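Please put together the full structure from these sequences, using the hints given.
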Amino acid sequence: ESSTPPSQEMAKTIVLVGRTSHGKSATGNSIVGKKAFKSMLKTTGVITSTCEMHRTLLENGHKLNVIDTPGLFDFSVESEFIGKEIAKCINLAKDGIHAILLVVSIRTRFSRKEEEAGLLILHAFFGVKITDYMIVVFTGGDELEDDETLDDYLSREYCLEPILKAQISLNEAQKSEQVKQLLALVNVVVDKNGGRPYRSKPFVEVKEKDKLESQKSYEKQLKTLTKMVDLKLKGSYDKIAQQIDELKLKESYGKLAQQIAELKLKESYYDKLAQQIDELKLNERSDKLAQQIRELKLKESYDKLAQQITEIKLKESSDKLAQQITELKLKEDYDKLAQQIAELKLKQSYYDKLAQQIDELKVKESSDKRAQQIAELKLKDRRAMINLHNK
Numbered sequence: 405e406s407s408t409p410p411s412q413e414m415a416k417t418i419v420l421v422g423r424t425s426h427g428k429s430a431t432g433n434s435i436v437g438k439k440a441f442k443s444m445l446k447t448t449g450v451i452t453s454t455c456e457m458h459r460t461l462l463e464n465g466h467k468l469n470v471i472d473t474p475g476l477f478d479f480s481v482e483s484e485f486i487g488k489e490i491a492k493c494i495n496l497a498k499d500g501i502h503a504i505l506l507v508v509s510i511r512t513r514f515s516r517k518e519e520e521a522g523l524l525i526l527h528a529f530f531g532v533k534i535t536d537y538m539i540v541v542f543t544g545g546d547e548l549e550d551d552e553t554l555d556d557y558l559s560r561e562y563c564l565e566p567i568l569k570a571q572i573s574l575n576e577a578q579k580s581e582q583v584k585q586l587l588a589l590v591n592v593v594v595d596k597n598g599g600r601p602y603r604s605k606p607f608v609e610v611k612e613k614d615k616l617e618s619q620k621s622y623e624k625q626l627k628t629l630t631k632m633v634d635l636k637l638k639g640s641y642d643k644i645a646q647q648i649d650e651l652k653l654k655e656s657y658g659k660l661a662q663q664i665a666e667l668k669l670k671e672s673y674y675d676k677l678a679q680q681i682d683e684l685k686l687n688e689r690s691d692k693l694a695q696q697i698r699e700l701k702l703k704e705s706y707d708k709l710a711q712q713i714t715e716i717k718l719k720e721s722s723d724k725l726a727q728q729i730t731e732l733k734l735k736e737d738y739d740k741l742a743q744q745i746a747e748l749k750l751k752q753s754y755y756d757k758l759a760q761q762i763d764e765l766k767v768k769e770s771s772d773k774r775a776q777q778i779a780e781l782k783l784k785d786r787r788a789m790i791n792l793h794n795k
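Here the sequence shown is numbered in my numbering, starting from 405 and rising by one per residue.
None of these hints come from the bench; they were simulated from the model. The structure presented is a predicted model; accordingly, all values stated were derived computationally and were not measured. Hints may be right or wrong, so weigh each one.
Stated by the list, open to error - Heads up, simulated DSS-like pairs for lysine-lysine below, C-alpha to C-alpha not over 27 Å straight-line:
| id | residue 1 | residue 2 |
| --- | --- | --- |
| 1 | K784 | K773 |
| 2 | K773 | K751 |
| 3 | K708 | K692 |
| 4 | K439 | K498 |
| 5 | K701 | K717 |
| 6 | K692 | K676 |
| 7 | K579 | K442 |
| 8 | K766 | K749 |
| 9 | K533 | K438 |
| 10 | K533 | K442 |
| 11 | K579 | K596 |
| 12 | K733 | K708 |
In structure tokens:
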């Protein structure tokens, strides 16, 4: 890889890469400020059919070349097609790339392993130094939750800390400001790399072919370059397959990953799948056993609680019965005492009456005795008068 000195008059070139329907063309149109990049609408999404470049004049007067590419990360695409499109991209950016924008949609989940495989493909196409020129652009930010920021989403879903990140949304008011921020990041990348565009070996070879074969047709140059890129691409796919095997990817990545799984990982995959099924069954049995244990414990706790409630009720009934017995005893004692009091009152009344009768008898006897005494005195006086008269 080599670098060229910066030129004040040289137009900056940025390349949009990523998977199909992640918003590369829409991002390119936002940057150039018009619907310059056309796409084919298919059931799987909006698809860019071929590499395409448009130039725009920025507010600061600088020229900017924007190159849109097909879904170069789609493993289902034939390597010959990808090789041809990479060759076109290199030919369009023959003076080098100032920044490469990896476009990722928030709407479509892009796993960490797909992220790693995508970076491997970029390294295979352009060399490992291309990472120094990379900005990851996230589209579909309107899909984030109300309180969720892009940083929150990225910290949860990606591990892209060393790489610059930007966001493009569907809201026109936000989009204008976000494009300014994105272009500012492009300037950061340019300054970080000393103003020198990225030029890997294929770029140099294209430049040399321009000088040595200026009389040859463009189609022949493109065919030669396509063959060169296709050979490198095939070697890169072998390296990617080896990396996927080392990373133990469980799911296929389009047609290429499916072929790798069928040729190299089929037996291992099914063995692992069978092991996972056994583990799931074991987990299910374990969960069922745990559930049964919980139910037994709950039943035991319920029985114990019911027993305690019964004991409490029995104790309560016993206490109530004892209280009733006590109350009955008290009532019985009270009735007996009342009866005794009544009897005593009757006796008292009887004795009072008897005493009264005695008193009355005593009074009568005393009166009778006095009357007798008076009668005797009167008789005595009469006798005395008779005796006196006789004398």
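Hints versus structure:
Restraint check for K784 and K773: satisfied, since their Cα atoms lie roughly 16 Å apart, inside the 27 Å limit. A threshold of 27 Å between alpha carbons decides the hint, and for K773 with K751 the separation of about 32 Å lies outside it, so the pair is violated. Distance hint between K708 and K692 is fulfilled; the C-alpha atoms sit about 24 Å from each other, no more than 27 Å. Taking the CA atoms of K439 and K498, the gap is about 24 Å. The hint holds against a cut of 27 Å.
Taking the CA atoms of K701 and K717, the gap is near 24 Å; set against the 27 Å cutoff, the hint holds. Of the pairs offered as hints, the one joining K692 and K676 holds, with about 24 Å between alpha carbons and a cut-off of 27 Å not exceeded. Distance check on the hinted pair: K579 and K442 sit about 19 Å apart at the alpha-carbon level, within 27 Å; holds. Distance check on the hinted pair: K766 and K749 sit about 25 Å apart at the alpha-carbon level, within 27 Å; holds.
Straight-line distance between C-alpha atoms of K533 and K438 comes to about 32 Å, which puts the hinted pair past the 27 Å bound. A distance of roughly 30 Å separates the Cα atoms of K533 and K442; the hinted pair therefore is violated under the 27 Å criterion. Restraint check for K579 and K596: the C-alpha separation of about 25 Å stays at or below 27 Å, so the hint holds. As the CA atoms of K733 and K708 are separated by approximately 36 Å, the hinted pair breaks the 27 Å bound.
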